[in-house]
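Chains as they are written, first to last, in this note's numbering: chain A, 30 to 316; chain B, 30 to 316.
Among the clues, some could well be false.
If several chains are the same, the list does not tell them apart, and a pair holds so long as it fits within one copy or across any two.
[Unchecked claim] Okay, derived cross-link-like pairs now, BS3-like style, lysine-lysine, Cα gap no bigger than 27 Å in a straight line:
(1) 89 x 165
(2) 128 x 190
(3) 314 x 43
(4) 280 x 165
(5) 266 x 190
(6) 223 x 280
(7) 128 x 266
(8) 223 x 266
What the hints contain is simulated information worked out from the structure, not anything from laboratory work.
There are 2 protein chains.
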Amino acid sequence: MNNNLLNDFEEYLKNNLPLSNSFHPIFQDSLQSMLLASGKRFRPMLMLCIVDAINPLLVKNSMSIALALEYLHTYSLIHDDLPCMDDASLRRGHTTLHKQYDEATAVLVGDALNTHSFNLISNSPLSNDIKISIIKIVSNECGINGMIIGQAIDCYFENSKVDIKQLEFLHIHKTAKFIACALQTGAIICNVNKDLQNRLYNFGLDIGLLFQIQDDIIDKTSNQKEALKTTQNDINKNSFINLLGLKEAIKSANKLSTKCQKDIKSFDINIQNNLNSILLPYFNKYK
Amino acid sequence: MNNNLLNDFEEYLKNNLPLSNSFHPIFQDSLQSMLLASGKRFRPMLMLCIVDAINPLLVKNSMSIALALEYLHTYSLIHDDLPCMDDASLRRGHTTLHKQYDEATAVLVGDALNTHSFNLISNSPLSNDIKISIIKIVSNECGINGMIIGQAIDCYFENSKVDIKQLEFLHIHKTAKFIACALQTGAIICNVNKDLQNRLYNFGLDIGLLFQIQDDIIDKTSNQKEALKTTQNDINKNSFINLLGLKEAIKSANKLSTKCQKDIKSFDINIQNNLNSILLPYFNKYK
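All chains, please: the whole structure from these sequences, using the hints.
Set out below in structure tokens:
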């Protein structure tokens, strides 16, 4: 089922790229460039897999919400890669936007994708009540009390140490809350009760943290070609590797992975199957 | 009436500053800094004056929408001042954010204010139908087909000439559409008919263009101290002064000013009075 969902999403994305009608010779290309670069589409897929598991008839009308999540994720990558932040030159196997074009373009494309994600949500074929619920959570989890404060902490403490609790705070905010919000958004679209919404959200926090630890491990152990992005760039950064060492980081990842696999079993069988079809490759990656 | 509205808004702003609860030592201060710096609050005041003219009972419930407009305007100033764009050191009489803190902080504060404006709108005490209408228009006029493409054109053509039609396109998108959208948002809150919404929007486009021409004149004729921001920074920029010369630019400003004053008279008397109380100081500024 997953490949079908992913194909449908990729098709939807290609047919709904952001358009900017003006005499600017490269802005529209720059807007579309990083969206067209291959991505895992992890956040939209998590959201769609929940909708597909609970009420597959709603998948079609959820596509623009999925696209909005991909816009938000892409904007965050573009800004994170800027010279004043990670100063990365490779992303999704492509030259980063500020290298391909220039810094002003990268800042503005990020801004545009951020703002336009709310335009996509507000224009999606769902009820206004559902759309407002989605905007409330997305603007919170990707905003001041979510992704942005996480990135701000990551940048501010680049050359000074944080402790393990602070590192967890950093990554829960920078990465996990958005992933949790993607799962909850799927549940909101299907209008399920608050309890299931919260359970999916909390499960998403664990998945997000697992991913971040794995990302740190990839950054340490992979070369740029394998990772499709600038790696080994985090020597001075606060990472689970730098704080715990590689061996302990792998142990933490495996422990969290076991917890997530157990938690998946608490959901009904359709949700279990759909989550597993996306997440299995990420569980128990390290021996 | 205007001073009361402005005082109420300033009070509301001070009591509703963005909070970011974390161990980051300066992020919350940096978030609030440029909002607290004195601004004209032009966009929120335009919106509130329309609500006050049509249905004053709705003013109180419109405050968070007004604040969202100020967040969006402030984010755009912070990003426009970045080294990769205008590279300005003074704004609203204060050191620009990237100079006071650093570039990463300025990018992230801008991002945070952009995203959080949609959080404010979605949580405002208005009906979900009204809130979705507002989000649709705000995310469009401040986004890809509004403010952002205007700024992108401004940056891209910094060292090459555009013609007068292109300069108008630039400023309609960079400045006027947001101002037009502020007026229309007031009308949306009061649930007035589409015709009045459109007339206010179109009037806003003229006001926005008038402001931009006046801004170019200020930039040419004022020093930094008077303007409270970096001036005479636009030598290579496409401005009405550089394209038309100072004399013709003043003539254009006066012509547009006369048109706006005539158009105001087409609105009902309450709207006329409220618009005039904000706009009169800007009409016929130059002899």
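Hints, verified against the model:
no.: 1; hint: 89 x 165; verdict: both (22 Å within a copy, 21 Å between copies)
no.: 2; hint: 128 x 190; verdict: between (30 Å within a copy, 24 Å between copies)
no.: 3; hint: 314 x 43; verdict: neither (32 Å within a copy, 50 Å between copies)
no.: 4; hint: 280 x 165; verdict: neither (36 Å within a copy, 47 Å between copies)
no.: 5; hint: 266 x 190; verdict: within (8 Å within a copy, 43 Å between copies)
no.: 6; hint: 223 x 280; verdict: neither (33 Å within a copy, 61 Å between copies)
no.: 7; hint: 128 x 266; verdict: both (22 Å within a copy, 23 Å between copies)
no.: 8; hint: 223 x 266; verdict: neither (37 Å within a copy, 53 Å between copies)
Checked against the numbered hints above, the structure violates hints 3, 4, 6, 8; every other hint is satisfied.
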